[in-house]
Amino acid sequence: MIPSLFMFELKQLLRRLFVLAMVSFLLGLAAVWLYTPDMLSKLRLWSEEVPFFTRLLGYAGSANLPVHMMGVLYGFLLPAMFVANAQTLALRLVARPIGDGRIAQRLAAPHRRGPIILTLFWLVVLEALIISLAVFLGQVAGVFIFLGGQADFLALLRMSMGLMLSSLPAGGVMVWVAAASPGRISAMRMGGLVVGLFLGLLLPSRLAGWPRWLGSLTPFSLFKGQELIADTSKLLLSALGLPIALILAGFGAWAFSRRDL
Amino acid sequence: MIRCEGLSKFYEGGGGIAGLSLQVKAGEALGVLGPTDAGKSTLVRLLMGFCRPDAGSAQIFGKDCFGKRHEIQREVAYAAASPAIESRATGDSWLRFQARYHGGYNPEKARRLSERLDIGLTGRAISLGETGRKKLGLMAALMTDAQVTILDEPFYGLDSMEKNALSDFIRERRGEGKAMLITSRVLEEVQRTCTQVAIIRQGRLVLSQPVEALALTRQKVYHITFKDAAQAAAFAAEWETAVEVIGSRALVAIPASPQVLIQTLAKYTVFDLVGGREDSEESFLRFHGDDVV
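These protein sequence lines are chains A and B, in that order.
Sequential numbering from 0 applies to the first sequence in numbering that gives the first Met the number 0.
Sequential numbering from 0 applies to the second sequence in numbering that gives the first Met the number 0.
Just so you know, the hints here were simulated from the structure itself, not pulled from any lab data.
Note that CB positions come from ideal geometry on N, CA and C, so glycine has one too.
Wrong hints could be hidden among the right ones.
Partial pick of chain A residues on the chain B-facing surface, computed with a CB cut under 8 Å [what the hints assert, rightly or not]: (1) SER3; (2) ASP99; (3) LEU260.
All chains, please: the whole structure from these sequences, using the hints.
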């Protein structure tokens, strides 16, 4: 990692990170609000009316707060947010600068190409971490506002961290795509395809009649939400997301090292 | 310090360079002249290691510019023709980042550069305009003590005061024994700052020589006024090459002694004969013909 590059790019991202943190916080807060008695009854009614849709999104009831969170946040919303943000950030940090010459400016310095790409990858990781922490803080705030402060906060934290770690390979793929694509538009298309593929495999795998192994083709198969509620050791499985992401970003760094600018 | 041997790079849509060989030693400044799309920027990209050559080699300090780029770059200062700068970054924050990221920062040089080039450091890059960003890019390159400096079209877009200041900095840098490679479309800029000139046309080296020698290659131009248009036309038919006729006047360019011209003119009634050496811009245009944009 190149500290000066990391800090400079981080400063350029502050506004984006602030907006994302606010949105994530509100998502966490809203998810707890949906656990209040009035909203729960409406949610149950809705899930009975459109069972296909709720099953597709991963909603499996609200037996307790963490299970409720699995359905309303970790089933679809947050995975989609993580993947989409990884794509837009990789485009912003890698593909667009390749196109407009900023990456060439980065190369006019005594740094290898690989570490430049890996430094930008760590910013993708940082953004995912900020999103998951903001979601957790939103949940904590929601618990104090709507539920009188009674909840298993550690379970919520484990789930947030678990999903974040599981989503990191998506960031690695996006950095790889952005570093290897000939231009911004092709990177955008390819990245969009990856987003579609991940979500397109994840969602149907929950439906009756569809093979469950489809979900294991996505990085989110590393996230065992239900088990994380009680078992910290399941975080180790999610933590595999980081080395996998590093390997994928490494492929991006390798492709970038060989390409013309 | 800089050496290219048979350097070639081709692009699918045309352009690039073919078989370029040149070298720049310590204390020398090579001005690479050529019209738009002549291959100047391709040469710079190859020297900076942004792309790998299709044939030949590009070396700085004897190291391959692509394969050993990261080893070379600490001692290379570079300014792009249109530097890409983060739109939200202020000039000051961008330069501080460049100083930390590249290393070799000389604060005294930075101070003098910002004064002479009148660089706005507090505004965001997006509000600086093309010229402002260009000056920032030049400052980032020239504020280092790197042994090799590569400037892509450094004068383009600057006003005359800024051009003078930049020329001073380039000459000063050359005086410190540093090697420089500067691309330009304007001969006068190269004459003011460089010791060597290389002219590129359609990716090929047309001419490479010391700047002083450029004056010797200039032709002599004669404006001749004949008695009438018929005589001018008759002279043009006899002279055949490098002659332009407008009514009763003819313009002749000759590379050497006017002896033959005088002998030829003896047969005609000449009202006026004005001669002189073509200026450097005309000389440059002669090498490029219709390519110059």
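Hint-by-hint comparison with the structure:
no. : hint   : in the structure
1   : SER3   : 4 Å, holds
2   : ASP99  : 5 Å, holds
3   : LEU260 : 4 Å, holds
Going down the numbered hints, you'll see the structure goes against none, and every one checks out.
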